[in-house]
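Protein chains in written order, with this note's numbering: chain A, 1 to 166; chain B, 167 to 906.
So the derived label-pair ranges between C-beta atoms look like this:
#1 585/B <-> 116/A: 52 to 62 Å
#2 532/B <-> 91/A: 13 to 23 Å
#3 803/B <-> 83/A: 40 to 50 Å
#4 78/A <-> 523/B: 44 to 54 Å
#5 854/B <-> 83/A: 30 to 40 Å
Derived pair list, reagent style DSSO-like, types lysine-lysine, alpha-carbon separation capped at 27 Å:
#6 759/B <-> 845/B
#7 550/B <-> 63/A
#8 759/B <-> 739/B
#9 17/A <-> 141/A
#10 844/B <-> 747/B
#11 63/A <-> 525/B
#12 98/A <-> 63/A
#13 63/A <-> 735/B
#14 36/A <-> 525/B
#15 857/B <-> 63/A
#16 573/B <-> 525/B
#17 98/A <-> 739/B
#18 143/A <-> 36/A
#19 73/A <-> 36/A
#20 589/B <-> 599/B
#21 747/B <-> 846/B
#22 500/B <-> 469/B
#23 63/A <-> 739/B
#24 34/A <-> 73/A
#25 857/B <-> 573/B
#26 735/B <-> 98/A
#27 603/B <-> 747/B
#28 845/B <-> 794/B
#29 573/B <-> 63/A
#30 98/A <-> 525/B
#31 739/B <-> 845/B
It should be emphasised that the hints constitute simulated quantities derived from the structure, not laboratory data. Just so it is clear, CB atoms sit at the ideal spot from N, CA and C, and this is done for glycine as well.
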Amino acid sequence: MAMQAEKSTEAAKRGGKYLTFDLDDEVYGLNILKVKEIIGIMDITPVPQAPPYVKGVLNLRGKIIPVMDLRLKFGFAERAYDERTCVIVVELTNAAGKLLIGIIVDSVSEVTNIADGEIESTPDLGGKQDTEYIEGMAKMKGKVVILLNIAHVLSFNEMGELAGAA
Amino acid sequence: MSVQGIERAAALLDQLAVAILTSSSGDMRKLGEILSSFEQLERLGEAEEWPEVVEASKAADGILTALMFKDDLRDAREVAVGYLSSLATFCQRVARGEARSRTDLDKILAEASARLGIAFTGIGGEPDVPTDAGKGLQGAVALDQDQELYTDFITESMDHLQAIEVKMVDLEMSPDDREIINSIFRGFHTIKGVSGFLNLKDVNELSHRTETLLDLCRQGKVPITSPIIDVVFEAVDAIKGMVRDVSEKIAAGALERRLWDNREIIEHVDQVQASSSPGGACGEIGPPLLGDILVEQGKVVRKDLDTAVARQLGKPDSPPIGKVLIDGGMVTPKDVAQALRVQKASSTAAQDIRVDIGKLDGLVEMVGELVIAQALVCNDPDVKTVESPRLYRNMSQLSRITSELQKIAMVMRMVPIRNTFQKMSRLVRDLAKKSGKEVALRMEGEETEIDRNMVEEIHDPLVHMIRNSVDHGLEPADVRTSLGKTPFGTVTLRAFHQGGYVVLAIEDDGRGIDPGRIVAKGRERGLVAEGATLSEQEIFALLFEPGFSTAEKVTDISGRGVGMDVVRKNVEKLRGTIEIKSRPGQGSTFSIKIPLTLAIIDGIVVRVGRERYVIPANSVIESLRPRKEDHFTVEHQGELIRVRGDLLPLVRFGRIFGVSGAETDPFNAIAVVVEHDKKKRALLVDELLGKQEVVIKSLGGGVAAVRGITGGAIMGDGRVGLILDVAGLFALTGRQPACA
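One chain only, chain A, in its complex shape (with noise of 0.2 Å):
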């Protein structure tokens, strides 16, 4: 009970600009402070010895940043890219100061806003899927948007392996 009040305080902080984007016909929310840019899809350079789900490297305007593809990560099929293909680059901060990294979504939707009242916490799946980094759900237009915590996305070990290259 503690927890879920907890959940609900958070919820109440949780409202905001976000920016939608699709995988498959699942429907996913970025916090937009968190969005630097939108890009088409580009070509990659592809990185040896790298998880599958981190495709690469490709140049932004002369700075070389690593670009994920959520897909995978998430455990979804591999798809081919399109013209409706995008990259959202993604700014986190962590111990070693601030990362920029690219994630490779189907196609990016609206930057919309969403009302505390429209965002309730994850509940209990049950299945193996590791709920972490779904900050909430909101509802929207009938759909259901699932609110990422894109730091969590990339799991703390993770960042900091990711930072250790710098």
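Given the coordinates of chain A, work out where chain B should sit on it, guided by the hints.
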């Protein structure tokens, strides 16, 4: 009296007059100007031998100092300024050659003393700091001056203190050199002055006390001895501590700051001054002396130098060695001037300006981007279809200019390693004392430049290695003599450029590394299998294992076994390597090799499959298309290629890095021979695309440190090419001839 002197004095005094007239209450900057002008006047007075001017300036100095300390004096400000004016006028008259008697000066001084309540302590003395010093300073002072004044003070004081430290070591070698004492004196004098303005009473008090001591030294009233040098170092450390304290308080936005209690140090100074006797033994370490520099430059022979030194010490007023050599006709003044420049290059140079490092780095980064953007434009396929000689000419020009700009930007970031090396002299002196050994430090190639971003990183590894040399490498004096070596050990710091790298070497003539002991220790720690035989390089490699130490006991200097692996990490961070050479009984040399700049390398671009990779040109020896008769297999797993008689392992790039579409038939591909650490391998690639300078970019900190890749580069068409780390690649492919 020289004409120049008179002119300069006139100019100074005009300046003074204006400053005094226009100064207003609490205008620290103006007071600073006035003080500085009087100081210059004082120096001029000394040079031109106008004792009255010297005294008048000192008195003015005293008045200004008192103005800062005595709060009640602030009311009498107008009066005080009036006296400053009189003193300035007096000096003017002396300078103009109008006979002015001492009585006039004495009158002014007496009046000022009475009205302002200041004591001018005799000839060549300065007014004592008000008696707070006796009780030890208490309380706190407000940090209410302009922020910038404090930051300037902090930077400049630290510079002065560093310069003082270097000169102190010089002083050890030539304790009678007046020039050195003078410049150390001036350093403290300046710190005293500015700290006074900023009401940093504790700094002011200590620097004043030290300055007084040094004043006596430079007048020959107190000889320079080891205890004196030690206590000055103590003062330097204390002042450094206080300055850092100010810096922290400012950074934290504090409004006031507790004064430090320096009573102990001041008592120490008193003691040392009272008890100093002539002929203290000084250590034998220090950076190159003027005489040594001249010998190195070939301008004078060692024998003649020794004669000159003897002559110098024999003279009652101990003139600088340069003067003795010139008088003796052994060198020309020009030679001495040049050598002096070499020696003094560490002190504040004339033509520098301060630039905020952030701005500089920003500029360099932008230039890097410019290079990339220019390459993108010039290599754009659409642009290439335009048939216009004029366009190509202009693009060529653009290319040239960008390239030049890039070179300049890189050079801006280079600083000579001298500063770092000279910090080591103090370290060596302290180490020698602590370990009871006699150590001579020699430095070569101090003008070698490295990227300024590396200076910080290189400091700790050097410190560790020097500690190792002094602590483990060098034998104590008696052992050395019994072995027929000189009683003092020599540590040589050497820096030079080699190819695209900077090499920093630390050489000692000590006992060298005993391979037997290392192997034994390695076995003890389970790092070496029983009965395994190791090559010399493998034995040395053990030294880098964390926690490894063959020291019998842990001293507080080294021997805790944390040194070398940290050193290696730091060096690898800079994409460098460490090499060890040693001969038992004769000494060891540790060399750090780091790339000249972190940012740009010359690369050979190759294609494997769809991807492009950049191999650092420094590592590439040659390339060829392998022929069937030169290709051999080993146990059906490893592959070897014969290149001009040598058998080299063949590394299938595509396979190791999992590149799809790579050429698998070696006879249809190119083998690139790369070398690392004297070992060669042949890398199999699809095609050679050319040679190119690339800007190294880190892989966005988002990809786990990949063995074999050192970073990425933006290629001409905007895509990313991965830059190969040859060392890592070799490690990946391990001892087997090729990766399975």
